[in-house]
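Visitor: So you can see what is in the structure, the chains are spelled out below.
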Amino acid sequence: MKTLQFLIDHICADFTVPSLLGLARDCISKGQCTAQDITEAIMRRDRSLDVKCAEGLSEGVLQFLRDSGEIQIRNGIVAAVKQPDAV
Amino acid sequence: MWNSLDTGAYEGMLAETVSITGNKGDIVHAYFARPLGKGPFPGVVLISHLPGWDEFYRELTRRFAQHGYLAICPDIYCRFGHGTPTDMAAKARAAGGVPDADVAGDCEGAMKYLRSLQYSNGKVGLIGTCSGGRHTVLTASRVKGFDAAVDCWGGRVVAAGTDLTPNQPVAPIDITADLNCPLLGIFGNDDQSPSAEQVNRHEAELKKHGKDYEFHRYDGAGHGFWYYHTDRYRPQQAMDAWQKVFDFFAKRLQG
Chain A
1 MKTLQFLIDH ICADFTVPSL LGLARDCISK GQCTAQDITE AIMRRDRSLD
51 VKCAEGLSEG VLQFLRDSGE IQIRNGIVAA VKQPDAV
Chain W
88 MWNSLDTGAY EGMLAETVSI TGNKGDIVHA YFARPLGKGP FPGVVLISHL
138 PGWDEFYREL TRRFAQHGYL AICPDIYCRF GHGTPTDMAA KARAAGGVPD
188 ADVAGDCEGA MKYLRSLQYS NGKVGLIGTC SGGRHTVLTA SRVKGFDAAV
238 DCWGGRVVAA GTDLTPNQPV APIDITADLN CPLLGIFGND DQSPSAEQVN
288 RHEAELKKHG KDYEFHRYDG AGHGFWYYHT DRYRPQQAMD AWQKVFDFFA
338 KRLQG
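Note that the protein sequences, when read in sequence, are chains A and W. Heads up, the first sequence is in this note's numbering, so the first residue is 1 and it goes up one at a time. Heads up, the second sequence is in this note's numbering, so the first residue is 88 and it goes up one at a time.
Treat the hints with caution; some may be incorrect.
Take a look, some chain W residues computed to stay more than 10 angstroms from chain A by CB distance [what the hints assert, rightly or not]:
| no. | residue |
| --- | --- |
| 1 | Q153 |
| 2 | G209 |
| 3 | S218 |
Stretch-level coverage of chain W by chain A, calculated; a stretch enters the list once three of its residues show a Cβ under 8 angstroms from a Cβ in chain A [what the hints assert, rightly or not]:
| no. | segment |
| --- | --- |
| 4 | 124-138 |
| 5 | 189-203 |
| 6 | 256-270 |
| 7 | 314-324 |
Hints in this document: simulated from the structure, not taken from any laboratory. Fair warning: this is a prediction, and the values are worked out from it, not measured in the lab. Each residue gets a CB set at the ideal place from its N, CA and C atoms; glycine is no exception.
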């Protein structure tokens, strides 16, 4: 799997890994978030990207968040995984 | 050298958009900046990067003029139309990028434009960052006549066959034998496109073909570390790299 840093550097996108993750987390926190929403947010932030480049970044950041256990995707909706309440 | 100007000396610059003859005789825009005076001055052709023919590149062009160069940056996105730099860059990306042949042809046109000027010393260098770095290596291998070339972190100089496209059908590393001028490479060690391993491979190929080159790699810097308008900017590494570029061009293009 290509790293987020590679994806950013390869297309010279105006993101750092933290800023891309932050953008995705912000979208997800608003609820009812889809991959398309994240793609559009990426394109709004870096207007030099076309939709295919933005989709690549969106896919990459969702893969990262899913692999880290931070999110789950059900029926196309991205949601943060709820952390168990502290006892 | 940066900031070594004489505060009592006269200095003047002209900077404007011009039209040049590019690939296949197409008329393309270019941003041209030059020192005022009769010269003669060496020239530099700048190749802009994926984010566009943008304000950063206008400032870069003026920086070279500030340091005594005839500097020209062709609008390699010209054939996609006109609008804001970011909109044009997005349009070019959606079309699969700027064709290599157009970039090389436009740079050749820009080189000829500079040489035609009465105040040119006849020597012309080439520099690009990011995709412009790749285009620099490619153009310096395809077009005869450049006297020096600078590749700043060009990604996809080393590319697998699966990465090639109709608009970018060649990995520049595969035509290293055709590189026909000295090459300076500037890279951040945290960059992943090109990765350190890819830079190693490029360097090995240059050595294998006995090319005149020098590479400089910077710790604590990644892709685009000159970009002062982004989080990527690394001032210490950037200023050192700038000095390397000016020294390289001074040796190859002046006198």
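Visitor: Determine for every hint whether it applies to the structure shown.
Guide: Now the hints, each set against the structure:
A cut-off of 10 angstroms between C-beta atoms confirms that Q153/W is not in contact with chain A; the least separation is 25 angstroms. No Cβ of chain A comes within 10 angstroms of the Cβ of G209/W; the nearest lies about 33 angstroms off, and the non-interface call holds. Residue placement check: S218/W does not keep its beta carbon more than 10 angstroms from all beta carbons of chain A (closest about 7 angstroms). Counting residues of the segment 124-138 of chain W whose CB lies closer than 8 angstroms to any CB of chain A gives 3, which reaches the minimum of 3, so the coverage claim holds.
Figure legend: the segment 189-203 of chain W, annotated as covered by chain A; annotation inconsistent (0 residues with Cβ-Cβ distances under 8 angstroms, at least 3 required). Chain A is given as covering the segment 256-270 of chain W, and this is violated because 0 residues of the stretch bring a CB closer than 8 angstroms to a CB of that chain, at least three being needed. Only when three residues or more bring their CB closer than 8 angstroms to a CB of chain A does the claim for the segment 314-324 of chain W stand; here the count is 3, and the claim holds.
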